[in-house]
Amino acid sequence: MQKNFLKTNRGWFLGLAVGVAAAVLFPQVVRVRFVWNLLTLILVWAIVGMGWNVIGGYCGQVSNGHSLFYGLGAYTVGLAAYKFKLSPWVSIWIGVLISMTVAFFVGKPLLRLKGHVFAISTMALSECARIIFINWKWGGGATGVYIFTKNANEWAFMQFKNPLNYYYLFLVFALAVLLLIKYLDKSKFFYYLRTIKGNETAAESVGIDTAAYKLRAYMLSAAIVSIGGSLYAQFILYIDPSMLMTLNVSMMIVLTAVMGGVGTVMGPILGAIALTTISEYTRVYLGRFGGLDMVLYGVLVIIIVLYCPGGIVSLLGRRLKFGARRGKA
Amino acid sequence: MGMFMQALFEGVINGSTLALVAMGIALVWGVMGILSFSQGEFLMIAMFCSFYLNLYFGFDPIVSLPFCMAVMFVIGIAIYKLIISRALRGPVLSQRLITFALSMVLINMALLLFSGSFKTIPKVMISGSIDLGFMVLSKQKIVPFIISVCVAGFMFWFLNKTRMGKAIRAVSMNKTAAGLVGINPEKTYAIAFGLSAAIAGAAGCALTYFYYIYPNVGTNFQLFGFIAVVMGGFGSIPGAFFGGLIMGVADAYTGVYMNPAFKYVGICVVFLLLVQFRPKGLFGGK
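Residue numbers (my numbering), protein chains in the order written: chain A, 447 to 775; chain B, 2 to 287.
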């Protein structure tokens with residue numbers, strides 16, 4: 447489709463190489479365990495944010511229930527390891543398949559809805575899933591499941607003693623997703639999605655099968671978010687519905703993308719960096735004052751979203767401005 | 002039969018609170034087009050307000066109701082002036098996120114100030130129960146229902162008969178045209194937002210009659226409030242009121258006749274089906 451993908455994006459790839467080099471070296475320089483965990487979480491949120499961005503950012507169908515796929519990914523990996531001793535290397539992809547299947551079946555009716563009603567419906571759906579998982583005895587119920595496999599090979603079961611290994615592994619995943627999004631960014635598929643976002647009726651009238659493309663975008667975004675969920679479960683080695691499938695998680699996913707810049711390639715990554723850093727540092731320094739950390743976090747979110755509706759991307763110079771302006775929901 | 006009627010009673014009681022929350026959401030949605038995530042938290046603030054008035058001054062929730070509503074009205078207008086009016090200039094998505102972040106701030110502020118423990122008002126003015134033989138009506142639960150109906154009636158009167166109410170409806174139909182005929186949209190928005198907070202305040206104050214008070218109490222009503230609004234038809238205020246009542250009754254019946262654990266799932270499934278066949282809601286025209 448794009449013969450000159452590498453050639454036309456030379457500058458971008460140069461920047462990426464520098465970014466990756468920095469990402470690889472940074473934890474070697476700053477040898478603090480807290481920072482390593484923070485970086486790993488940033489990667490998880492970046493993946494999830496990029497996933498949401500496909501349907502919410504590019505296609506304009508703002509889903510407030512992506513914690514459903516996040517949870518499905520985490521649960522598939524967790525239960526596969528806990529019940530069947532299956533390596534996450536396999537079960538991540540099973541999780542992707544499950545998420546895409548669910549997205550296929552619920553996407554068809556849901557994507558006919560528009561605006562706030564679509565958002566509320568997706569919220570209701572993930573709420574349903576949360577309650578089903580809470581009452582699912584075999585799957586651990588409300589108490590959740592520890593998924594640590596004893597005496598397992600570190601690499602075969604993706605359970606590392608050294609937290610840096612998680613970081614580097616997740617970096618590979620995040621990079622893969624980023625390249626996929628960058629590749630699709632200028633593809634017909636994503637231009638169709640942008641058209642649908644701009645004006646659905648017009649898109650239909652020029653011959654775009656809007657229902658089919660929305661469904662495809664929904665499935666792709668479900669798949670990516672599911673990978674993020676799987677990795678997160680693998681990182682903390684514990685799954686529980688009240689941690690994975692709440693409205694809060696859904697909104698954090700949306701926030702990650704919005705804060706960085708809706709419908710831009712780099713937006714979710716910048717958003718993940720900003721949001722995770724704020725949330726982790728406030729938690730560490732203010733967490734003991736029961737609730738103060740979340741107050742500060744919420745206030746910061748309000749200020750950033752209020753004064754920078756185009757996301758962090760829109761602040762970063764003229765070159766990226768076009769993308770940011772387009773990103774306004 | 003007894004069980005059926007009892008469930009109906011409980012459902013209507015819970016539904017009446019839900020109906021008020023839903024009315025507030027519908028008002029903000031209809032007038033400003035914002036999906037307000039902070040409505041449940043306004044309810045929570047009013048509950049704490051009512052609780053502390055009872056604790057320090059011994060006011061019964063019925064007595065403190067007008068005061069709570071006034072406080073919430075002022076808080077609502079302050080929040081509108083401070084945050085929402087600025088958010089309205091931005092994209093729809095950031096408006097939604099801002100109200101969500103606001104709800105997070107309010108919940109955690111309550112957690113910080115009042116701690117997370119469950120509180121109840123120990124002694125209320127009207128208590129006891131009426132035994133009808135086949136069912137028992139708790140007087141404590143009838144009071145919030147009556148308050149809800151009164152507040153809803155007042156709201157209908159206000160929106161249909163008063164100048165300000167008519168202005169709110171005009172702005173919700175067409176902001177520019179309303180501005181042209183001399184209505185100040187900014188002022189109208191502020192009052193609409195304040196009113197929605199005041200309605201939630203009334204609901205919260207009434208709810209303290211029999212319900213626990215804790216910082217997260219609002220989130221229970223939030224999603225159901227949204228669903229009730231969509232059921233009633235976008236931003237239609239009477240629709241939201243009846244949507245709320247129906248939600249409450251449906252909630253009670255699925256709880257009684259099906260596995261209580263799955264009652265939320267039942268409601269959500271019914272909602273998703275309804276939206277498929279009647280995307281404009283039960284009472285939505287066109």
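Just so you know, not all the hints are guaranteed correct.
Derived DSBU-like pairs: lysine-lysine, alpha-carbon spacing no greater than 35 Å straight-line [stated by the list, open to error]: (1) 120(B) to 560(A); (2) 124(B) to 264(B); (3) 560(A) to 124(B); (4) 264(B) to 583(A); (5) 554(A) to 162(B); (6) 82(B) to 583(A); (7) 529(A) to 188(B); (8) 583(A) to 596(A); (9) 529(A) to 583(A); (10) 560(A) to 140(B); (11) 188(B) to 264(B); (12) 176(B) to 560(A); (13) 264(B) to 554(A); (14) 453(A) to 560(A); (15) 281(B) to 167(B); (16) 82(B) to 264(B); (17) 281(B) to 162(B); (18) 634(A) to 607(A); (19) 264(B) to 531(A); (20) 560(A) to 607(A); (21) 124(B) to 281(B); (22) 607(A) to 281(B); (23) 281(B) to 554(A); (24) 596(A) to 529(A); (25) 82(B) to 140(B); (26) 281(B) to 634(A); (27) 529(A) to 560(A); (28) 167(B) to 531(A); (29) 176(B) to 120(B); (30) 583(A) to 453(A).
Worth flagging that the hints you see were computed from the coordinates, not collected in a lab.
A quick look at each hint next to the structure:
1. 120(B) to 560(A): Status violated; Cα separation ~40 Å.
2. 124(B) to 264(B): holds, 31 Å
3. 560(A) to 124(B): violated, 47 Å
4. 264(B) to 583(A): Within the cut-off at roughly 17 Å; holds.
5. 554(A) to 162(B): Given that 35 Å is the threshold and the Cα spacing comes to 44 Å, the pair is violated.
6. 82(B) to 583(A): violated, 48 Å
7. 529(A) to 188(B): Violated: residue 529(A) and residue 188(B) sit about 60 Å apart, past 35 Å.
8. 583(A) to 596(A): holds, 23 Å
9. 529(A) to 583(A): holds, 13 Å
10. 560(A) to 140(B): Answer violated: residue 560(A) to residue 140(B) is near 43 Å, above 35 Å.
11. 188(B) to 264(B): violated, 41 Å
12. 176(B) to 560(A): holds, 22 Å
13. 264(B) to 554(A): With a Cα-Cα distance of about 25 Å, the restraint between residue 264(B) and residue 554(A) holds, given a limit of 35 Å.
14. 453(A) to 560(A): Violated: residue 453(A) and residue 560(A) sit about 39 Å apart, past 35 Å.
15. 281(B) to 167(B): holds, 23 Å
16. 82(B) to 264(B): violated, 39 Å
17. 281(B) to 162(B): holds, 26 Å
18. 634(A) to 607(A): violated, 43 Å
19. 264(B) to 531(A): Satisfied, since the Cα-Cα distance of roughly 34 Å is no more than 35 Å.
20. 560(A) to 607(A): Violated, because 46 Å separates the two Cα atoms, which is more than 35 Å.
21. 124(B) to 281(B): violated, 44 Å
22. 607(A) to 281(B): Violated. Residue 607(A) to residue 281(B) sits at ~54 Å, over the 35 Å cutoff.
23. 281(B) to 554(A): holds, 18 Å
24. 596(A) to 529(A): Given that 35 Å is the threshold and the Cα spacing comes to 13 Å, the pair holds.
25. 82(B) to 140(B): violated, 40 Å
26. 281(B) to 634(A): holds, 33 Å
27. 529(A) to 560(A): Roughly 40 Å between the alpha carbons, so the hint for residue 529(A) and residue 560(A) is violated.
28. 167(B) to 531(A): violated, 65 Å
29. 176(B) to 120(B): violated, 43 Å
30. 583(A) to 453(A): It is violated: about 54 Å lies between the C-alpha atoms, which goes past 35 Å.
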